[in-house]
Amino acid sequence: MMLHVENLQVYYGAIHALKGVSFHLDKGEVVALIGANGAGKSTVLKTISGLLRPREGSVTFEGQVLEEVPPQDIVRKGVIHVPEGRKIFPRMTVTENLEMGAYIHADRAAINRDMESVFERFPRLKERRNQLGGTLSGGEQQMLAIGRGLMAHPSLLLLDEPSMGLSPLLVEQIFDIIQDINEQGTSILLVEQNAQMALAIADRAYVLETGKIVMQGTGDDLLQDSSVIEAYLGGH
Amino acid sequence: MRSSALDKGLRTGVIFGIVIAIMFLIGFTVTGAGLVGKLFGVSSSYNTPPLTFFVIFMVLMGAWAGITAAARSLTEPDTLKRALTAGASAGAVSGLISAVVGFIFGTLNANAIDPRTYLPMVSPESTKLFLMNQSPLTGSLMLLGVLTVSGAAAAGLSFYLRTHDGVKSGARNITESVRKTIRSEGVARVTNSPYARYGFWLLVAALLIILPRTWGGYWNYVFGTVGIYIILGLGLNIITGWAGQLVIGYVAFFAVGAYTFALLTAPEPHNLTMNFWLALGLGVLAAGISGLLIGLPILNLRGDYLAIVTLGFAEIVRILLKSDLMTEYTAGPRGVRDIAGPTLFGRSFVSDVDFMYLIIIAVLVVTFIAYRLQNSRTGKAWYAINLDETVARATGINAFASKLLALSLSAAMAGLAGVLFASRNQFTGPDDHALMVSINVICLVIVGGIGNIPGVFLGAFALKGLPEILRETENYRLLIFGVLLIVMMRLRPEGFLPAKRPVLEKSAQTSSKEAQP
Ligand SMILES: Nc1ncnc2c1ncn2[C@@H]1O[C@H](COP(=O)(O)OP(=O)(O)OP(=O)(O)O)[C@@H](O)[C@H]1O
Ligand SMILES: [Mg+2]
Numbered sequence: 001m002m003l004h005v006e007n008l009q010v011y012y013g014a015i016h017a018l019k020g021v022s023f024h025l026d027k028g029e030v031v032a033l034i035g036a037n038g039a040g041k042s043t044v045l046k047t048i049s050g051l052l053r054p055r056e057g058s059v060t061f062e063g064q065v066l067e068e069v070p071p072q073d074i075v076r077k078g079v080i081h082v083p084e085g086r087k088i089f090p091r092m093t094v095t096e097n098l099e100m101g102a103y104i105h106a107d108r109a110a111i112n113r114d115m116e117s118v119f120e121r122f123p124r125l126k127e128r129r130n131q132l133g134g135t136l137s138g139g140e141q142q143m144l145a146i147g148r149g150l151m152a153h154p155s156l157l158l159l160d161e162p163s164m165g166l167s168p169l170l171v172e173q174i175f176d177i178i179q180d181i182n183e184q185g186t187s188i189l190l191v192e193q194n195a196q197m198a199l200a201i202a203d204r205a206y207v208l209e210t211g212k213i214v215m216q217g218t219g220d221d222l223l224q225d226s227s228v229i230e231a232y233l234g235g236h
Numbered sequence: 001m002r003s004s005a006l007d008k009g010l011r012t013g014v015i016f017g018i019v020i021a022i023m024f025l026i027g028f029t030v031t032g033a034g035l036v037g038k039l040f041g042v043s044s045s046y047n048t049p050p051l052t053f054f055v056i057f058m059v060l061m062g063a064w065a066g067i068t069a070a071a072r073s074l075t076e077p078d079t080l081k082r083a084l085t086a087g088a089s090a091g092a093v094s095g096l097i098s099a100v101v102g103f104i105f106g107t108l109n110a111n112a113i114d115p116r117t118y119l120p121m122v123s124p125e126s127t128k129l130f131l132m133n134q135s136p137l138t139g140s141l142m143l144l145g146v147l148t149v150s151g152a153a154a155a156g157l158s159f160y161l162r163t164h165d166g167v168k169s170g171a172r173n174i175t176e177s178v179r180k181t182i183r184s185e186g187v188a189r190v191t192n193s194p195y196a197r198y199g200f201w202l203l204v205a206a207l208l209i210i211l212p213r214t215w216g217g218y219w220n221y222v223f224g225t226v227g228i229y230i231i232l233g234l235g236l237n238i239i240t241g242w243a244g245q246l247v248i249g250y251v252a253f254f255a256v257g258a259y260t261f262a263l264l265t266a267p268e269p270h271n272l273t274m275n276f277w278l279a280l281g282l283g284v285l286a287a288g289i290s291g292l293l294i295g296l297p298i299l300n301l302r303g304d305y306l307a308i309v310t311l312g313f314a315e316i317v318r319i320l321l322k323s324d325l326m327t328e329y330t331a332g333p334r335g336v337r338d339i340a341g342p343t344l345f346g347r348s349f350v351s352d353v354d355f356m357y358l359i360i361i362a363v364l365v366v367t368f369i370a371y372r373l374q375n376s377r378t379g380k381a382w383y384a385i386n387l388d389e390t391v392a393r394a395t396g397i398n399a400f401a402s403k404l405l406a407l408s409l410s411a412a413m414a415g416l417a418g419v420l421f422a423s424r425n426q427f428t429g430p431d432d433h434a435l436m437v438s439i440n441v442i443c444l445v446i447v448g449g450i451g452n453i454p455g456v457f458l459g460a461f462a463l464k465g466l467p468e469i470l471r472e473t474e475n476y477r478l479l480i481f482g483v484l485l486i487v488m489m490r491l492r493p494e495g496f497l498p499a500k501r502p503v504l505e506k507s508a509q510t511s512s513k514e515a516q517p
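Sequences listed follow chains A and B, in order.
Residue numbering for the first sequence follows my numbering, starting at 1 and increasing by one per position.
Residue numbering for the second sequence follows my numbering, starting at 1 and increasing by one per position.
Honestly, I wouldn't trust all of these hints.
[To be verified] Here are the simulated distance ranges between beta carbons:
#1 G20/A - M436/B: 55 to 63 Å
#2 P493/B - A14/A: 39 to 47 Å
#3 V65/A - M436/B: 47 to 55 Å
#4 Y305/B - H16/A: 25 to 33 Å
#5 M1/A - V365/B: 49 to 57 Å
#6 G165/A - Y305/B: 28 to 36 Å
#7 L301/B - V65/A: 20 to 28 Å
#8 G134/A - A71/B: 28 to 36 Å
#9 L301/B - H16/A: 17 to 25 Å
#10 G165/A - L466/B: 46 to 54 Å
#11 L301/B - K19/A: 23 to 31 Å
#12 P123/A - G186/B: 38 to 46 Å
#13 K212/A - Y305/B: 32 to 40 Å
#14 T343/B - G134/A: 52 to 60 Å
[Said to hold, decoys possible] Calculated pairs, SDA-like style, for lysine to any residue (alpha carbon to alpha carbon, straight line, at most 25 Å):
#15 K87/A - N398/B
#16 K77/A - T390/B
#17 K77/A - A401/B
[What the hints assert, rightly or not] Which residues of chain A face chain B? A partial, calculated answer using Cβ under 7 Å:
#18 Q72
#19 V75
#20 P83
#21 K87
#22 G101
#23 Y103
Honestly, the hints are just simulated from the structure, not real lab data.
Heads up, the beta-carbon is just placed ideally off N, CA and C, and yes, glycines get one too.
Whenever a hint applies, use it, and build me the whole structure from the sequences.
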């Protein structure tokens with residue numbers, strides 16, 4: 001087990017956002033976390049990456065307990081969080097944004113190689129390498145955010161709604177890329193509103209509802225499940 | 001229907017009339033005339049300047065009103081008649097308002113009523129000058145005439161300049177050829193050659209060595225102050241300009257540096273008389289540590305707590321220094337006297353010139369450090385935190401430690417400025433450390449262009465050097481500050497020299513060239 005989350009209890013002041021969330025992720029897997037708005041999906045990711053502290057419960061990554069480790073050290077262990085909402089550095093260029101992604105690395109030559117491979121994956125970014133991040137289109141910003149995550153050499157990538165606000169064509173492209181990243185050896189914990197797509201590429205998935213896991217199974221199982229179809233896939 | 005030219009003229013005229021009236025009421029007409037005199041090389045600091053200069057000042061105001069009113073309109077064809085109507089009416093209306101004001105105060109003066117009880121700046125001399133040394137009626141009519149004529153004339157002239165291609169293309173040709181010469185290869189070869197660069201720096205070095213010797217005490221004092229404020233500005237720029245954390249009570253660290261140094265070297269109240277350089281180091285260190293201690297409890301909080309907490313800290317420091325409670329330790333409200341000047345190899349060098357050299361060296365050292373920091377990994381981390389703290393943390397930046405480092409470095413630089421300040425004056429008291437110092441530093445950083453090192457230099461010269469050069473305006477410093485800030489926010493919202501962010505990645509650019517076959 002690469003990541004093991006046990007009975008997470010997270011609060012924002014008085015708001016009880018996670019009420020005992022437990023799940024796990026094996027090495028090499030794509031695990032999807034789906035659920036309605038406000039269910040607590042982003043909160044789970046923020047807790048794993050150390051941006052939030054749980055009041056109770058534990059996060060274990062490759063045998064090490066994470067919940068006391070500060071975020072900058074969690075990054076160094078290879079757990080990389082790509083926050084939701086196209087969070088990039090708006091007044092840095094594309095290149096500079098990618099460089100910031102490699103902040104924890106020192107080897108110049110390796111950084112340049114990584115940057116070329118990000119550019120290979122996202123040719124659009126290469127054309128716009130000297131453009132300010134804030135002036136990219138929404139989809140390009142999302143690519144940049146993912147690219148920045150890759151620059152850190154994640155062994156576990158936490159993706160928060162990578163398809164948010166993208167056109168259908170781009171959504172497919174992004175999911176292809178996610179699958180490709182996974183095939184090259186990075187495990188992925190994927191938070192998505194687009195349950196259809198997420199379940200299609202996920203090995204396993206969990207459904208989160210108001211701070212609790214209410215259902216789990218393989219991606220295909222959940223795609224067939226009538227209550228999931230009802231709630232998240234817009235079916236009848 | 002009224003023509004829009006007349007309408008524009010009337011409205012502009014009212015605004016300029018009110019501005020001139022207010023200038024008169026706060027005594028700025030005398031100052032303005034004095035400034036004009038200064039342009040002509042006549043120094044008339046403390047007496048009423050001659051009439052000629054006042055008339056020129058009014059002509060300039062009228063011309064400004066006329067040009068403003070006669071600016072090209074989007075809805076009306078640009079004709080000479082329109083320009084003249086707008087210009088003349090703007091001049092006339094502003095003249096009328098000025099004339100009424102002048103007439104009222106002239107009459108009051110004639111009846112021996114002194115308005116100074118209510119308007120302390122309206123002296124009989126300034127009223128007389130405003131009325132061009134004439135009787136109230138003649139004087140105000142002349143004022144009306146001067147403003148009307150200059151408004152119309154300037155409007156006509158500006159119309160002529162913008163409509164006549166000869167003038168326009170002539171001017172364009174000149175600027176074009178100048179630009180071409182500057183950009184030409186020959187010039188580029190000279191300016192890009194290493195010798196040119198060495199020569200340039202040699203020249204700068206020579207100037208820095210020679211100038212303090214020729215300036216004399218007063219200008220050494222003025223430029224010394226500018227230097228101290230450059231250090232303060234570079235320091236504040238780290239935490240506020242780069243790391244994006246507003247610090248309002250920056251003067252607190254200045255005070256810590258100044259007092260640490262003062263108490264260690266002065267004969268009273270502790271009689272430690274420590275070595276200059278050791279005390280300098282300790283002053284800088286103490287300020288840095290105070291920054292660290294202030295930052296520790298609050299820098300992991302989001303929001304503008306730092307601004308408020310430092311503001312409180314600065315006031316507490318000042319009040320403590322001032323209170324009788326601490327007199328035994330800090331010499332109380334009277335301040336610390338007989339603070340040591342610098343010594344080197346047993347020789348003390350405390351003359352203006354020597355001290356100017358010390359300040360220049362300090363400025364150079366701090367500038368060097370600032371440049372190194374800006375281009376460092378830490379500098380990138382600060383900028384990332386400034387832009388988005390959450391993402392910065394998600395990329396592995398220790399935001400808390402970075403901000404703490406920024407604050408300590410800022411504080412240490414303020415401490416250095418404080419040491420130099422106390423040592424140069426050989427005195428420091430609580431009033432040297434009022435909040436106005438912080439506000440000055442914030443202003444100079446913003447005016448210069450936040451986050452930009454040359455901008456700090458420019459800001460310090462503009463805010464600390466210019467007022468001394470324009471000595472007459474001393475009473476209006478805050479006014480000029482305000483006007484400068486407003487003008488700048490309108491014209492250059494990012495400061496006079498906006499920060500060009502460092503090119504972080506040279507190697508990536510070369511590799512992109514390699515990647516294109
Ligand atoms: N900073 C915060 N302060 C207070 N409450 C918060 C904060 N962030 C999130 N919450 C609350 O916690 C709950 C879970 O939020 P979270 O962002 O994890 O939802 P989510 O599942 O990611 O939703 P979405 O799909 O809309 O992104 C919500 O009720 C939200 O209002
Ligand atoms: Mg969310």
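Structure-based check of each hint:
{"no.": "1", "hint": "G20/A - M436/B: 55 to 63 Å", "result": "holds, 56 Å"}
{"no.": "2", "hint": "P493/B - A14/A: 39 to 47 Å", "result": "holds, 41 Å"}
{"no.": "3", "hint": "V65/A - M436/B: 47 to 55 Å", "result": "holds, 52 Å"}
{"no.": "4", "hint": "Y305/B - H16/A: 25 to 33 Å", "result": "holds, 26 Å"}
{"no.": "5", "hint": "M1/A - V365/B: 49 to 57 Å", "result": "holds, 55 Å"}
{"no.": "6", "hint": "G165/A - Y305/B: 28 to 36 Å", "result": "holds, 33 Å"}
{"no.": "7", "hint": "L301/B - V65/A: 20 to 28 Å", "result": "holds, 26 Å"}
{"no.": "8", "hint": "G134/A - A71/B: 28 to 36 Å", "result": "holds, 34 Å"}
{"no.": "9", "hint": "L301/B - H16/A: 17 to 25 Å", "result": "holds, 23 Å"}
{"no.": "10", "hint": "G165/A - L466/B: 46 to 54 Å", "result": "holds, 50 Å"}
{"no.": "11", "hint": "L301/B - K19/A: 23 to 31 Å", "result": "holds, 27 Å"}
{"no.": "12", "hint": "P123/A - G186/B: 38 to 46 Å", "result": "holds, 42 Å"}
{"no.": "13", "hint": "K212/A - Y305/B: 32 to 40 Å", "result": "holds, 35 Å"}
{"no.": "14", "hint": "T343/B - G134/A: 52 to 60 Å", "result": "holds, 53 Å"}
{"no.": "15", "hint": "K87/A - N398/B", "result": "holds, 18 Å"}
{"no.": "16", "hint": "K77/A - T390/B", "result": "holds, 18 Å"}
{"no.": "17", "hint": "K77/A - A401/B", "result": "holds, 19 Å"}
{"no.": "18", "hint": "Q72", "result": "holds, 4 Å"}
{"no.": "19", "hint": "V75", "result": "holds, 4 Å"}
{"no.": "20", "hint": "P83", "result": "holds, 6 Å"}
{"no.": "21", "hint": "K87", "result": "holds, 5 Å"}
{"no.": "22", "hint": "G101", "result": "holds, 6 Å"}
{"no.": "23", "hint": "Y103", "result": "holds, 5 Å"}
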